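Taking the hints into account, I'd like the entire structure generated from these sequences.
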Amino acid sequence: MQPLTNRSKAVLKKEMTFAEKLYLPAIINGMIITFKHMFKKAATIQYPEQKREFSPIYRGHHVLKRDDEGAERCTACGLCAVSCPAEAITMQAAERKEGEEKLYREEKYAANYEINMLRCIFCGLCEDACPKEAIFLTDRLVPTEFERNDFVFGKDKLVEKVDDRVDVTRRQTQNVIDFKQNKKYSHNK
Amino acid sequence: MENYYIFKIILVVALFVVSLVVAMYSTFAERKISALMQDRLGPNRAGPFGLLQPLADGIKMFMKEEIIPNVSNKTLFIIGPCLAMTTALMAGVLIPWGGKIELWGETFNLQVADLNIGVLYIFGVTSLGVYGIMIGGWASNNKYSLMGAIRASAQMISYEIAMGLAIIALIMSTGTMSLGEIAAQQDAGLANIVYQPLGFLIFLICAFAELNRAPFDMPESESELIGGYHTEYSSMKLGLFLFAEYINMFISSAVIVTFYFGGYNFPFQNEINEALGLSTNIATALGTLVMFGKIFFFIFFFMWIRWTLPRFRYDQLMRLGWKSLIPLAILNILITGVVMWMNGKLN
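Residue numbers (the working numbering), protein chains in the order written: chain L, 157 to 345; chain X, 2 to 348.
Hints may contain errors.
[To be verified] Below 20 Å or equal to it, Euclidean Cα-Cα: the simulated SDA-like pairs (lysine to any residue) are: (1) K207(L) / N45(X); (2) K288(L) / S239(L); (3) K197(L) / E31(X); (4) K192(L) / R32(X); (5) K253(L) / T231(L).
No lab work stands behind these hints, which were simulated from the structure alone. Note that this is a predicted model, so its numbers are computed, not measured.
Now the structure itself:
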């Protein structure tokens, strides 16, 4: 049969030599290996005190950003929901009323915005799809809950607080900003 | 004579305490060493460097619910771990823990009892240890426990022979069966390991098997027999079984050190003691310290092997015992005899 890869090896079943039959050299070799390991650095991260550093592009808990004046950026266009492969995002749009200019940046906003964290696969396609730079995945962990319904996160858990902004600069590399803002791409026209 | 009894009682109590403390910290050492060998940290939360971990484990064991299965034989079920623990503690009395000690104007040996058939006594007591395992496994009325118990007893019987034969060669070359004398003979001369390297190797391998430790931990084998003979045990009864294993390890390390590595003697001890002008008691204390150093090395060695080698298959274990070690031990006796005959020590 034609081999699928070039990595196959012929199995040798030769008689063991006397030294091999004694097993003692092999045992001593093994003991040397384990002894060497005693002086290696432990791979342990002592969790509550130490935390493993996340990768700069770690995709965790979503955030709905506000702009510099504190108005919500999301315009409920629905592109994130359309792009979501897990169909985790739902929203209801509403029209901005007179006097709400401080709250919402544009005339249309999301009255409801829900992400089902049990459906979400944290692929980050919603972030790519968003034309308003409103939704980001951050390096925060999704908190644990006891009830399934509690995993449907509404705006109360997703929108960042005015006085407690979520830093997403690590995700906004030059490539990302270019992708979002350069007019040469059809999606930005 | 009164002083004699007081001294012996103090020594027995001290031995009891030391055995328990060493066994306690062996459990800690086992976890720590296994962790280091696997590039982990091991227990480090309870107390400084995790030193209070054995205490925490002990308290946990006592607090656990005690379950005696309905279908078990209750008397035997309770006797099992007691027997394992008792026999584990019994062998320590014969080991010479140091040289002579001067107290109240009298001279004592730092040894509870120096029987002239000490080697036989040690063998008798350590083989009794398998009864604890067998009775415990049988009384549990559980297939896994029974399998573990059968394996333990078959393994013990097989390796007892090779061990005994290895010791016969040692008795031939030392000419005595008293542990005190075996230790004292290695005072000025070389340690017995020089005369009996093969015997030592056989004895060491058999000690692993007798202790039911990896790579011969067939009676327990978590992965196949879910704990073997102590499957049904819980709370401190389980604790006693596990604890007995560590005491056995301590005692057998002490026996190995006494038989083959000079016991409390160390190289150039007489010269060093004379040069420093040490009194008898301090010289004895130094010897005891050296002996404990050797014992701790062997305890470490037992753990080193455990975290290096995988478990044998049962037929491999039996083949090694019957087909390799016993012929080797007989060969060893033969060689010892021939060498002694050539040196004119046989009359």
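The hints, checked one at a time:
no. : hint              : verdict
1   : K207(L) / N45(X)  : holds, 17 Å
2   : K288(L) / S239(L) : holds, 15 Å
3   : K197(L) / E31(X)  : holds, 19 Å
4   : K192(L) / R32(X)  : holds, 17 Å
5   : K253(L) / T231(L) : holds, 14 Å
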